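These protein sequence lines map, in sequence, to chains A and B. Using the working numbering, read the first sequence as starting at 563 and increasing by one per residue. Using the working numbering, read the second sequence as starting at 563 and increasing by one per residue.
Worth flagging that the hints you see were computed from the coordinates, not collected in a lab. Take these hints with a grain of salt, some might be off.
One copy or two, it doesn't matter: identical chains are merged, so the pair holds either way.
Claimed, not checked - As a list, the in silico DSSO-like pairs of lysine-lysine whose alpha-carbon atoms are at most 30 Å apart:
no. : residue 1 : residue 2
1   : K592      : K681
2   : K865      : K808
3   : K808      : K872
4   : K598      : K666
5   : K594      : K681
6   : K696      : K564
7   : K594      : K666
8   : K564      : K666
9   : K611      : K598
10  : K768      : K592
11  : K592      : K666
12  : K564      : K598
13  : K681      : K611
14  : K592      : K564
15  : K808      : K724
16  : K768      : K611
17  : K649      : K611
18  : K724      : K865
Computed from a prediction, not measured in an experiment: that's the story for all the values here.
2 protein chains.
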Amino acid sequence: MKYDRILLEHGGGGLLSNELISDCFLPLFKNKYLEKLEDGAVFEVAGSKLCFSTDSYVVQPIFFPGGNIGSLAVHGTVNDLAMCGGKPLYLSAGFIIEEGFAMKDLQIIISSMAEAALKAGVSIVTGDTKVVSKGSADGIFINTSGIGQISYNSPIGVSCIKPGDLIIVNGCIGDHGAAILSVRENMGINEGMISDSAPLNGLVEKILKACPEIHCMRDATRGGLGAILAEISQQSGLTFSIEESKIPVKEEVRGICEILGMDVLFLANEGKFALFCPESYASIVLDIMRSHEYGQDAAIIGKVSESSGKARLIMRTIIGGSRELDLPTGELVPRIC
Amino acid sequence: MKYDRILLEHGGGGLLSNELISDCFLPLFKNKYLEKLEDGAVFEVAGSKLCFSTDSYVVQPIFFPGGNIGSLAVHGTVNDLAMCGGKPLYLSAGFIIEEGFAMKDLQIIISSMAEAALKAGVSIVTGDTKVVSKGSADGIFINTSGIGQISYNSPIGVSCIKPGDLIIVNGCIGDHGAAILSVRENMGINEGMISDSAPLNGLVEKILKACPEIHCMRDATRGGLGAILAEISQQSGLTFSIEESKIPVKEEVRGICEILGMDVLFLANEGKFALFCPESYASIVLDIMRSHEYGQDAAIIGKVSESSGKARLIMRTIIGGSRELDLPTGELVPRIC
Chain A
563 MKYDRILLEH GGGGLLSNEL ISDCFLPLFK NKYLEKLEDG AVFEVAGSKL
613 CFSTDSYVVQ PIFFPGGNIG SLAVHGTVND LAMCGGKPLY LSAGFIIEEG
663 FAMKDLQIII SSMAEAALKA GVSIVTGDTK VVSKGSADGI FINTSGIGQI
713 SYNSPIGVSC IKPGDLIIVN GCIGDHGAAI LSVRENMGIN EGMISDSAPL
763 NGLVEKILKA CPEIHCMRDA TRGGLGAILA EISQQSGLTF SIEESKIPVK
813 EEVRGICEIL GMDVLFLANE GKFALFCPES YASIVLDIMR SHEYGQDAAI
863 IGKVSESSGK ARLIMRTIIG GSRELDLPTG ELVPRIC
Chain B
563 MKYDRILLEH GGGGLLSNEL ISDCFLPLFK NKYLEKLEDG AVFEVAGSKL
613 CFSTDSYVVQ PIFFPGGNIG SLAVHGTVND LAMCGGKPLY LSAGFIIEEG
663 FAMKDLQIII SSMAEAALKA GVSIVTGDTK VVSKGSADGI FINTSGIGQI
713 SYNSPIGVSC IKPGDLIIVN GCIGDHGAAI LSVRENMGIN EGMISDSAPL
763 NGLVEKILKA CPEIHCMRDA TRGGLGAILA EISQQSGLTF SIEESKIPVK
813 EEVRGICEIL GMDVLFLANE GKFALFCPES YASIVLDIMR SHEYGQDAAI
863 IGKVSESSGK ARLIMRTIIG GSRELDLPTG ELVPRIC
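Make a model of the complete structure from these sequences and hints.
Okay, here's the thing in structure tokens:
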């Protein structure tokens, strides 16, 4: 390992996160499921194809415009299962709570989880609660894991992406990151600065029903759209060309990015995903997204092509130039989810 | 809720843990799976019976005689699935790591997880890593969730326990708690003071194969054998009579309990479980346990009977008296798992 100690960046979804996974976890946990590096693992049990995913949530502040750590924990795992092409069925919830945490806040968080689960059509069926002494954790951390059932016939994943595929996002990017940052920086709550935290399984189900050939889906959480596209490009060995002018971004979010010197491409989302499909299905996907509450600003933002040499993620900028994007290495936003 | 703030005891596996679950989680997450309050949820997906369980591990110290937080996290969830009568198949691993944590320690922990998974015959197929800033967590917390497949024909659970059932434990109790306490109290490492952390699925599989009628199994983790028996007695509405002289306890563990003023019945285990079965199968269960590496000191410790009125857990003490045991309410050992 390059580093003697864990840095914040090892959990940021950028280059160091990927290095930790590839240098530490993969060689030791070695198995074909984990090695795919998708949002969840896909396997068969007694002839049924299932998906399984986990995420721990450490977001700070725990209450933010558009949600709280509880609803986020449900949406995040529901979305990871949806990205595998699965119908999320059952969730677990593991709580680590700091001694002295307000019971009232816990009840609000649990209520939000219950509400989010109901809306997403999943049940929280098993759980665990640990309490650590004052100072040994920061408020509350929640892990959710989930099981989904896959009935889609075609495989979905990075290895299914083909040259010629179009890249579609289901709406404006950076909302979650902007909402968290606006609270942290005491910038006042602004109508546009609301987390996009939402369950995507309903939308994905509609798309999979209508389109027999969706190649890959990935939700753009930690590290934002830029990080997941750079990662998928590297994993697939293909080059992605995206157009900055086509990427939907809210004015308010663009504004906060300018003030804070952040790149919206690397700002977290909790209800946005990139979808890869053949050109022939792109307009159906777009229609379905735009007629759904979680896809109204959907747009085709780019295209996949063969790589001559190294796989690259290239963005044609608004001013007409061309910029190569890579996995973020610098300072990321900690505890964004 | 009786309390405004979360207390350490809300995570201790005793009375307050149970109240938190019944007053806060159950009414909001309301579903038939969670309400069973077993070690995991059991449900069917496309005709196959699966079990699903989760646990977060916050043990302190993270390295202890007989294991570390990594092996413990694998054994704990493997055992919860085994207690449901399931064959553990796939595990998830979610890490929350404090900034500055030594990479070398992380690698040792991951290695132990990999080794424990291999020995238990499960694969760690999906994961997540979050890093929080220095001071926002205490070293490392690990969540594992797991999926198992149930092929046992009879239902297993608290509601299956019948009057006349015998209660069997697979060996000496209190080892894990004693090992953790001996390190915390700087009592020096002693041969007998080694955690019993172990995967129980192999042993359980052998028992289920040989006995068509196992009524209930529960691993005696947080809160120890006393807490799980008190809990199951209350849940089942049946009275359990146990004999102190039959409960296997190592001399060294008894010694540390005397020094620290602890009751071994309420000391945590990570490789011990209570099994309920009809008298006719007890000797087969005992034989299988005693010929297995994780059951050599197995013993029949008590019997189930109808309750006249309130369900009770009654222990005939070594000196011939009778003591009623209840869910622990006082000070528990925090961060024991």
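Evaluated hints:
1. In the homo-oligomer, the alpha carbons of K592 and K681 lie at most 30 Å apart only across protomers (14 Å), although the nearest pairing inside one protomer, at 36 Å, exceeds that limit.
2. Only within a single protomer do K865 and K808 lie at most 30 Å apart by alpha-carbon distance; the minimum there is 12 Å, versus 71 Å between protomers.
3. Taking identical chains as interchangeable, the C-alpha atoms of K808 and K872 lie at most 30 Å apart only when both belong to the same chain, with a minimum of 25 Å there against 69 Å between chains.
4. Taking the shortest alpha-carbon separations for K598 and K666, only the inter-copy value of 25 Å comes in at or below 30 Å, while the best intra-copy value is 41 Å.
5. Taking the shortest alpha-carbon separations for K594 and K681, only the inter-copy value of 18 Å comes in at or below 30 Å, while the best intra-copy value is 33 Å.
6. Taking the shortest alpha-carbon separations for K696 and K564, only the inter-copy value of 20 Å comes in at or below 30 Å, while the best intra-copy value is 33 Å.
7. In the homo-oligomer, the alpha carbons of K594 and K666 lie at most 30 Å apart only across protomers (25 Å), although the nearest pairing inside one protomer, at 44 Å, exceeds that limit.
8. In this assembly of identical chains, K564 and K666 lie within 30 Å of each other by CA distance solely across copies; the values are 11 Å between and 44 Å within a copy.
9. For the homomeric pair K611 and K598, the shortest alpha-carbon distances inside one copy (16 Å) and between copies (27 Å) are both at most 30 Å.
10. Taking the shortest alpha-carbon separations for K768 and K592, only the inter-copy value of 28 Å comes in at or below 30 Å, while the best intra-copy value is 35 Å.
11. When the C-alpha separation of K592 and K666 is checked against a cutoff of 30 Å, the pair qualifies only between copies, where the shortest distance is 19 Å, while the shortest distance within a copy is 43 Å.
12. For the homomeric pair K564 and K598, the shortest alpha-carbon distance inside one copy (23 Å) is at most 30 Å, but the shortest distance between copies (47 Å) is not.
13. Taking CA atoms no more than 30 Å apart as the test, K681 paired with K611 passes in both settings, with 24 Å inside one copy and 25 Å between copies.
14. Proximity of K592 to K564 under the C-alpha cut-off of 30 Å is restricted to the intra-copy arrangement: shortest distance 20 Å within a copy versus 47 Å between copies.
15. For the identical chains of this complex, K808 and K724 are intra-copy neighbours only, at 21 Å inside a copy versus 67 Å across copies, given an alpha-carbon limit of 30 Å.
16. In this homomeric assembly, K768 and K611 come within 30 Å of each other (Cα to Cα) both inside a single copy, at 19 Å, and across copies, at 28 Å.
17. Both within a single protomer and between protomers do K649 and K611 lie at most 30 Å apart by alpha-carbon distance, with minima of 11 Å and 17 Å respectively.
18. In this homomeric assembly, K724 and K865 come within 30 Å of each other (Cα to Cα) only inside a single copy, at 10 Å, whereas the closest approach across copies is 64 Å.
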